[in-house]
Structures are given as C-alpha cells and as structure tokens.
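Colleague: Letter by letter, the chains look like this.
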Amino acid sequence: MAEQRVDEKTGTRTVGHEWDGIEELDTPMPRWWLYTFYATIIFALGYVVAYPAWPLVHDATRGVLGWSSRGEYAREVAAEGVRRSAVREELARIPIERLPENSKLFEAAVAGGASAFKVHCVQCHGSGAAGSKGYPNLNDDDWLWGGDLKMLVATITNGIRQPGNDATHVSMMPAFGRDQLLKSDEIEDVASYVRIVSGQEKPSASAQRGAALFATNCAVCHGANAKGSRELGAPNLTDKIWLYGGDRESLVQTITNSRGGVMPAWGTRLDPVTIKMLAAYVHSLGGGEAIVPQPSPSPTEAAPAPSANGKP
Amino acid sequence: MASPEDLIAPKPPQLFEARRKIFPKAVRGSYRNLKWAIMAVTLAIYYITPWLRWDRGPYAPDQAVLVDIANRRFFMFAIEIWPHEFYYVAGLLIMAAIGLFLVTSSVGRAWCGYACPQTVWTDLFLHVERLIDGDRNAQIRLQKAPLGPSKIAKRVTKHAIWLAIALLTGGAWVFYFADAPTLARYIVIGQGPTVAYATIALLTATTYVLGGLMREQFCIYACPWPRIQGAMLDEKSLLVTYKYWRGEPRTHGLKRAAPAARQPETDKGAAPMPGVPSLVALAANPELAPKIGDCIDCNACVAVCPTGIDIREGAQIGCITCGLCIDACDEVMDRLDRPRRLIGYSTIADEQAAGEGRAPEHPMKRLFRPRAIAYFLIWASIGLAMLFALGTRSRLDLSVSQNRNPVYVRLSDGSIRNTFTLKVRNMQSRPREVEVSIEGLPGGALWSEGGAREGAANSLRLSVPADKVTKLRLFVAAPSDGPPRSDLTFRVRALDAEGGEDTHQIHFERPETGR
Numbered sequence: 001m002a003e004q005r006v007d008e009k010t011g012t013r014t015v016g017h018e019w020d021g022i023e024e025l026d027t028p029m030p031r032w033w034l035y036t037f038y039a040t041i042i043f044a045l046g047y048v049v050a051y052p053a054w055p056l057v058h059d060a061t062r063g064v065l066g067w068s069s070r071g072e073y074a075r076e077v078a079a080e081g082v083r084r085s086a087v088r089e090e091l092a093r094i095p096i097e098r099l100p101e102n103s104k105l106f107e108a109a110v111a112g113g114a115s116a117f118k119v120h121c122v123q124c125h126g127s128g129a130a131g132s133k134g135y136p137n138l139n140d141d142d143w144l145w146g147g148d149l150k151m152l153v154a155t156i157t158n159g160i161r162q163p164g165n166d167a168t169h170v171s172m173m174p175a176f177g178r179d180q181l182l183k184s185d186e187i188e189d190v191a192s193y194v195r196i197v198s199g200q201e202k203p204s205a206s207a208q209r210g211a212a213l214f215a216t217n218c219a220v221c222h223g224a225n226a227k228g229s230r231e232l233g234a235p236n237l238t239d240k241i242w243l244y245g246g247d248r249e250s251l252v253q254t255i256t257n258s259r260g261g262v263m264p265a266w267g268t269r270l271d272p273v274t275i276k277m278l279a280a281y282v283h284s285l286g287g288g289e290a291i292v293p294q295p296s297p298s299p300t301e302a303a304p305a306p307s308a309n310g311k312p
Numbered sequence: 001m002a003s004p005e006d007l008i009a010p011k012p013p014q015l016f017e018a019r020r021k022i023f024p025k026a027v028r029g030s031y032r033n034l035k036w037a038i039m040a041v042t043l044a045i046y047y048i049t050p051w052l053r054w055d056r057g058p059y060a061p062d063q064a065v066l067v068d069i070a071n072r073r074f075f076m077f078a079i080e081i082w083p084h085e086f087y088y089v090a091g092l093l094i095m096a097a098i099g100l101f102l103v104t105s106s107v108g109r110a111w112c113g114y115a116c117p118q119t120v121w122t123d124l125f126l127h128v129e130r131l132i133d134g135d136r137n138a139q140i141r142l143q144k145a146p147l148g149p150s151k152i153a154k155r156v157t158k159h160a161i162w163l164a165i166a167l168l169t170g171g172a173w174v175f176y177f178a179d180a181p182t183l184a185r186y187i188v189i190g191q192g193p194t195v196a197y198a199t200i201a202l203l204t205a206t207t208y209v210l211g212g213l214m215r216e217q218f219c220i221y222a223c224p225w226p227r228i229q230g231a232m233l234d235e236k237s238l239l240v241t242y243k244y245w246r247g248e249p250r251t252h253g254l255k256r257a258a259p260a261a262r263q264p265e266t267d268k269g270a271a272p273m274p275g276v277p278s279l280v281a282l283a284a285n286p287e288l289a290p291k292i293g294d295c296i297d298c299n300a301c302v303a304v305c306p307t308g309i310d311i312r313e314g315a316q317i318g319c320i321t322c323g324l325c326i327d328a329c330d331e332v333m334d335r336l337d338r339p340r341r342l343i344g345y346s347t348i349a350d351e352q353a354a355g356e357g358r359a360p361e362h363p364m365k366r367l368f369r370p371r372a373i374a375y376f377l378i379w380a381s382i383g384l385a386m387l388f389a390l391g392t393r394s395r396l397d398l399s400v401s402q403n404r405n406p407v408y409v410r411l412s413d414g415s416i417r418n419t420f421t422l423k424v425r426n427m428q429s430r431p432r433e434v435e436v437s438i439e440g441l442p443g444g445a446l447w448s449e450g451g452a453r454e455g456a457a458n459s460l461r462l463s464v465p466a467d468k469v470t471k472l473r474l475f476v477a478a479p480s481d482g483p484p485r486s487d488l489t490f491r492v493r494a495l496d497a498e499g500g501e502d503t504h505q506i507h508f509e510r511p512e513t514g515r
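For the record, the sequence lines run as chains B and F. Residues in the first sequence are numbered consecutively from 1, following my numbering. Residues in the second sequence are numbered consecutively from 1, following my numbering.
Because the hints were derived from the structure by calculation, they are not lab data. Note that this is a predicted model, so its numbers are computed, not measured. Heads up, a few of these hints could be off.
Once the Cα atoms are required to be at most 30 angstroms apart in a straight line, the calculated DSS-like pairs of lysine-lysine come out as [said to hold, decoys possible]:
(1) B:K104 x F:K471
(2) F:K25 x F:K154
(3) B:K104 x B:K118
(4) B:K9 x F:K291
(5) B:K104 x F:K423
(6) B:K227 x B:K240
Could you build all of it, start to finish, from the sequences and the hints given here?
Modeller: Okay, structure coming up:
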C-alpha cells in the first residue's frame with residue numbers, strides 16, 4: 001500500500017501514489033460540485049419512481065406518471081392524423097380531374113400516394129413502380145386501359161379481372177393453341193407477323209401467311225393495324241414495350257396459351273382518398289396522360305376542360 | 001501553509017471544500033482603464049448589433065446581422081450564407097481557434113483577462129456589488145454582519161440589479177435570431193414565441209449564476225480554456241509575472257529604510273533598525289547591505305484579484321492575466337518611490353535574463369518569432385482563401401441527382417428515358433428567370449414534371465423564386481442506340497442582366513443490349 005502523508009506546503013493529504021517523484025494531492029472537491037452530484041442521485045431516484053425504469057421478468061415497472069413509449073407513439077400518430085385531416089378532407093372534396101389545377105394539393109397527393117404505394121403496390125409493381133415480366137411498368141407511356149387520372153382511379157378501385165366487380169376491367173384473349181383454334185405452324189406464322197409490325201424482323205413468307213391469320217383472328221381486338229384497343233385492354237403490338245416479352249418464344253407462348261393479368265379491386269380495401277393519392281403518384285411517374293376533354297352535356301360547363309397537366 | 005498541528009495529527013480527508021469567498025478590491029490604473037474600454041466596446045457590440053439595419057430589398061430581411069434559423073439563412077451585412085455554404089462558418093471557427101493560438105502564444109491569456117464574456121460580465125457584476133455594498137472592506141464587514149434590515153435591503157438591491165443585467169443580456173441574444181424591432185414588440189406585449197421566452201429565461205439564469213454567483217469558480221473548475229491555454233504558453237509568452245528577483249525577500253517594515261539604505265548620503269537622519277546594519281557601517285562597506293526586496297507583502301495584489309490568487313506564487317490556472325494586480329502594485333510602488341512593474345507583463349525568458357543581470361529580449365523580436373509568424377500565416381491564408389471564395393462565388397447553383405429506381409424506362413417508341421431531380425438555388429434576394437438545358441446527349445430532349453414529351457426540347461425556362469431552392473423533376477429521353485452510359489451535362493443559365501450559370505455533369509443510362 002502506498003504511503004499516505006500530509007503535504008507540508010499545503011496541509012493537504014496526498015493520495016499516496018508517487019510517479020517519478022511527483023505526488024498527487026487529495027484536494028477536496030468544491031462544495032457545490034458535490035451537492036450537484038447529490039442532486040443527480042435524487043433526480044435519478046425520482047426518475048425511477050416517475051417513469052418505467054425497472055425491468056421485471058415479464059414486464060417492467062410502470063412509473064407513477066403512466067408514461068410509455070408506446071403511448072407516446074400512439075399520441076404522435078393520432079396527432080399526425082389530425083394534422084393530415086385537412087389535406088385529406090380537401091382531397092376528398094376535389095374531383096380527380098380538377099386535382100392537377102391545385103399544384104400544392106397534387107404534390108401532397110403524390111407524397112401520400114408514394115407511401116401508400118410502398119405498402120400496397122410494391123409487391124407486384126416493384127418499389128420504383130418499374131414492374132417486371134407480367135407486371136406493368138408504371139413509369140412508361142404505354143397503358144393497356146388508359147393512363148389519365150380518371151382511368152387510374154377506376155383501375156385501382158375496380159382492379160383488373162376481379163370476379164364479382166361489375167366495373168372491373170375484363171377482356172379475354174383466346175388460347176389459340178390450347179383451344180386448337182390455330183395449329184402450331186400457324187401460330188409461328190402469326191408470331192412472325194407480329195414481330196414484323198413491331199419492327200423486330202424482316203418480311204418473310206411465314207409473315208405473309210401470318211398477316212392473313214392476324215386479320216381473321218386477332219384484328220378484332222388488336223385492330224387491323226395492330227395498335228391495340230384500350231376499351232378491350234388489348235395491347236398495342238407495334239410499340240417497343242412488351243409485358244410478357246416480344247421475342248419469338250414468348251410470342252408463341254402468348255398466342256398458344258393466352259395472357260390475362262389480374263389486379264385486386266382496391267376499392268374494397270382502401271378509402272377513396274388513398275386511391276386518389278395513388279393515382280396522382282402513378283400519374284406523376286412520367287407516363288401520366290392528360291384527360292381528354294369530353295363534349296360537355298350541359299351548357300353551363302361549356303368552357304374547355306383544363307388540361308390535366310396544367311402545362312402544354 | 002500547514003500548521004504544525006496539521007502535520008502531527010492531520011484532519012480526516014474532507015469530501016468537499018467550502019467556497020472561499022472573494023472580495024476583490026477596486027483599483028485604478030492603466031490596465032483597469034483598458035478593461036473599461038474593452039468592456040464598453042464588447043458590450044456595445046453585443047447589445048447594438050441586432051439593431052443595425054441593412055437594406056436587402058423586398059425579398060430578404062433588412063437586419064444587418066441575422067441568424068434566420070427558420071429559413072436557414074445567415075445574414076451578415078452584405079454577406080448571405082446558405083446552409084450548403086456552412087464551410088464559411090467552419091472557416092471562421094478554424095480562424096478563431098488559430099487566432100487563439102496566435103494571441104495566446106504572443107500576448108498570453110489576453111482572451112481570458114479582457115475579452116471572455118465570463119470576465120466581462122463578472123467584472124460588470126463586481127462593479128454593481130461595489131456600488132451597493134461598498135469596496136472590499138465594507139463588503140467583508142457586511143458579510144460578517146448579522147442579517148438586519150440594512151443588509152437585507154442591500155442584498156435585495158444587489159441581486160435585483162444583477163438579475164436585471166442578466167435579463168438584458170439574455171434578452172439581447174434572441175434579437176440575433178429574428179427581426180429585432182418586431183420581436184421586441186411581441187416580447188413586450190407577451191406574444192413572443194415560446195422559444196424566445198425560454199431562451200431569455202435560460203440566458204438570464206446562466207448570466208446570473210455564472211457572472212454573479214459562480215464568477216471565478218467557473219474559470220477554475222468548469223472552463224476548459226485555462227487548461228488549453230496554459231498548454232499553449234511557452235517561456236516567451238507574455239504573462240503577468242511577479243519579478244521574483246526584484247521583490248524577494250519581502251520586507252515588512254523596512255520599506256522606509258530601503259531607499260535610505262541605497263542612498264546613505266542623502267538620508268543620514270534615518271534611525272537604525274533592528275537587524276539592519278547602521279548607515280555608517282553601510283556607507284563604509286556596501287557589501288554588508290542585506291538584500292532588500294521591493295515587495296512589502298502588503299497583499300494589494302491579492303486583494304484586487306478577481307480570482308483570489310496570489311500572483312507571487314507564479315503562473316497558475318487561476319490567473320486570467322487581467323493585469324489588475326499590476327495596477328495595484330504600481331500604486332504601492334509609486335508611494336514607496338520605487339520603480340513600477342514589480343508585477344508586470346513579462347515572459348519567463350525575460351525574467352530569467354533579468355534575474356541573471358542580462359538584458360531582456362526586444363519586444364518586437366518576441367512578437368515576431370517563428371511560432372507567431374507561422375500561426376499568423378496559417379490564420380491569414382485561411383482568411384484570404386475565404387475572402388476569395390466569397391468574392392467569386394456564384395449566386396446561382398445547380399445540383400442534379402439521378403433517380404435510380406428504375407434507372408431507365410423504355411418508352412413505347414423504343415427510346416430510353418432517364419429521370420433526374422434538379423435543385424436550382426437562387427441565392428439572390430429577387431426572383432430570377434433561368435434556362436435549364438442539356439448538352440452532350442445526341443437526340444436528347446427534356447421536359448419537366450407536369451409537362452409532356454410532345455413539348456420536349458433541348459432546354460426549358462423556369463422562374464426561380466427569390467432566395468429559394470427550386471426542386472424540379474426532369475425527364476430526359478434519348479434514342480436507345482448508344483453506349484450503356486453516356487455523359488450528360490445540365491446547364492443552368494440566368495437570363496437576367498447579372499447573368500451567372502452553373503453546370504453539372506452526370507450520366508445518361510441505357511440498357512446494356514441497346515435495341
């Protein structure tokens with residue numbers, strides 16, 4: 001044990017250690033410092049009594065103030081709900097076609113739609129809405145059923161090929177091979193023709209045969225020029241976007257067995273405001289289309305309907 | 001010093017030490033005057049600055065110095081700092097640190113003694129205390145006096161004035177963060193923001209506690225600067241120094257004899273003193289003269305010290321080098337007809353030289369030593385670099401980020417679209433028309449969110465509001481045949497008379513297969 005002694009000059013005890021002839025004085029702390037230390041101890045005791053502090057086997061002490069982090073969270077969520085209610089009410093009131101006029105509300109709707117999308121839509125369409133094979137990319141400018149705000153709301157609300165929903169999008173492409181409407185070499189010919197109209201192949205004898213087959217079997221839905229039909233959800237076969245692939249093998253697959261994607265009717269699960277926000281978000285991704293003004297039925301609404309995008 | 005009893009039977013170790021209350025005596029002199037001047041200047045700067053006006057036009061506040069936290073702007077006369085330009089503030093902090101090194105290595109702890117807010121306000125509070133309670137002796141008497149009406153009245157008055165000063169101090173601070181006249185009105189009619197009242201309350205409390213109650217305790221126990229500054233001093237730094245070689249041994253009672261002993265022929269009538277050789281003997285043999293120090297142990301230097309230290313014990317953490325002990329000692333030396341500056345600003349090296357009879361170094365040589373020059377050069381080059389950056393900075397700024405989810409989108413005509421988020425900063429206090437264009441992407445066209453591809457062109461115009469960042473989503477489409485990654489330059493150009501532009505280079509991404 002180190003030898004403790006009293007320093008002659010100061011009259012203070014040393015702590016008893018010595019390094020290279022240097023000794024440390026055991027100088028007392030100032031009184032207020034010590035009292036502050038005691039105060040922190042008292043504060044800690046009070047804190048333990050007032051707040052949850054002591055872990056037990058299945059629970060923890062509750063604290064006399066009844067505070068809990070879960071309660072705090074619930075309060076904050078409720079407060080946030082109140083804070084958002086004004087915007088939601090405004091969104092509920094405004095018809096979807098008038099939404100782009102109010103850029104601030106549109107921005108709020110896009111932000112709300114982005115988070116709703118992350119919860120309900122990313123499972124199929126991907127976190128960036130880029131889709132994948134069979135699940136449409138919502139960023140591009142190709143729409144099977146239409147890409148204006150009104151149609152987006154309708155599509156999200158009623159879904160695609162949802163049984164029991166009268167307003168859902170329905171169309172059915174025949175399974176030409178499976179149902180033996182076309183023979184397999186005929187299917188090859190149709191595929192050749194489709195690859196020509198989409199600019200992927202050069203004309204051939206097979207394609208010429210395919211053109212005739214297309215006119216009798218496919219043009220009824222996809223149109224004589226193969227540009228598709230939105231009323232029927234029939235894709236435009238002349239563009240460069242293929243939901244199920246535009247290579248020969250995929251085309252043969254499609255013609256043989258048919259295709260028909262489904263989407264839930266979100267109107268039964270989400271409130272109309274959330275659906276409006278989702279439509280605004282999808283519309284904002286870059287492929288949103290302007291609402292084509294319909295001839296107005298009443299003379300009071302004769303003024304031209306505003307463009308959905310606000311800008312030319 | 002320890003008493004003999006202490007050494008024989010030491011007291012048990014104490015857990016705490018009671019505060020030794022200090023009653024600094026008033027003093028007159030050159031350093032006291034310097035302190036007055038610095039106190040007046042620093043307090044004036046502190047209280048007046050928020051009220052200075054600076055016309056910035058209708059789009060920006062016209063307060064000369066304003067920390068606008070809500071809008072994230074810092075205004076200082078003609079200079080406006082944006083959050084992304086925070087490096088100017090960092091630069092100022094670095095300059096302050098190096099400036100502290102420079103000042104400390106050259107003239108010692110001048111910051112502690114003269115400019116530190118703790119010093120300035122403590123000094124102010126001490127003057128108030130003297131005004132109410134009287135000088136040192138009166139204060140000590142009052143402290144010992146029993147609590148009576150007069151003592152209570154004095155104590156209440158003193159603390160009331162202290163609190164009033166503290167309130168003004170805390171009150172002045174909030175005006176740096178909002179338009180001062182408006183805020184002052186709201187605070188007075190009780191409708192100021194809660195944070196203003198909270199800040200005033202907090203700063204009032206800290207000023208009162210630190211300046212009025214804690215005083216030197218803060219310097220000695222809580223403040224890190226004395227420790228840092230102490231480490232920055234060397235043997236050539238100016239310190240308040242007791243000239244040991246001149247003052248020792250201290251001579252109680254011999255003060256009158258001292259001049260006589262050195263000039264025996266002029267004062268033959270002086271009576272011999274015990275222990276001192278007679279003047280006749282001294283005249284015959286000056287070697288017999290005992291060494292008589294100039295210090296008469298009158299404790300004037302200790303009595304005036306605001307941190308209650310004895311400078312004659314040498315350099316120590318409690319010494320803030322305020323120079324008041326110099327003034328006090330000079331006064332005594334004048335009365336004794338001895339040369340001034342028995343205590344004075346000096347360096348350890350000079351004092352060693354003087355003790356050994358050598359000449360001290362020339363002050364200029366001490367000031368312009370390599371260490372100080374090096375500090376000064378670093379300090380000045382940072383300052384010049386900042387001035388240069390400030391003078392050449394553009395008031396229009398562009399930043400671009402690429403949206404990467406998805407990286408690219410194939411459009412129905414086969415072309416490829418990328419999406420970018422542009423931020424255009426207009427740092428002028430008026431709205432500006434700018435043109436955003438793309439370069440280096442053959443066949444590329446851009447359109448903004450809300451626009452349509454049909455209207456896409458090589459450039460687009462937009463109006464950027466005054467003092468605002470405009471966030472803009474841009475779509476850029478280009479033919480799909482091209483390398484997977486090509487360079488793309490965004491350029492923003494102001495269309496008004498001042499001009500100015502900024503560019504940002506980024507990549508345009510395509511699928512690997514081209515097609």
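Colleague: Indicate, hint by hint, whether the structure satisfies it.
Modeller: We went through each hint and held it up to the structure:
1. B:K104 x F:K471: holds (14 angstroms)
2. F:K25 x F:K154: The hint holds at about 18 angstroms.
3. B:K104 x B:K118: holds (22 angstroms)
4. B:K9 x F:K291: holds (25 angstroms)
5. B:K104 x F:K423: holds (18 angstroms)
6. B:K227 x B:K240: holds (12 angstroms)
The structure meets every hint from the earlier list without exception.
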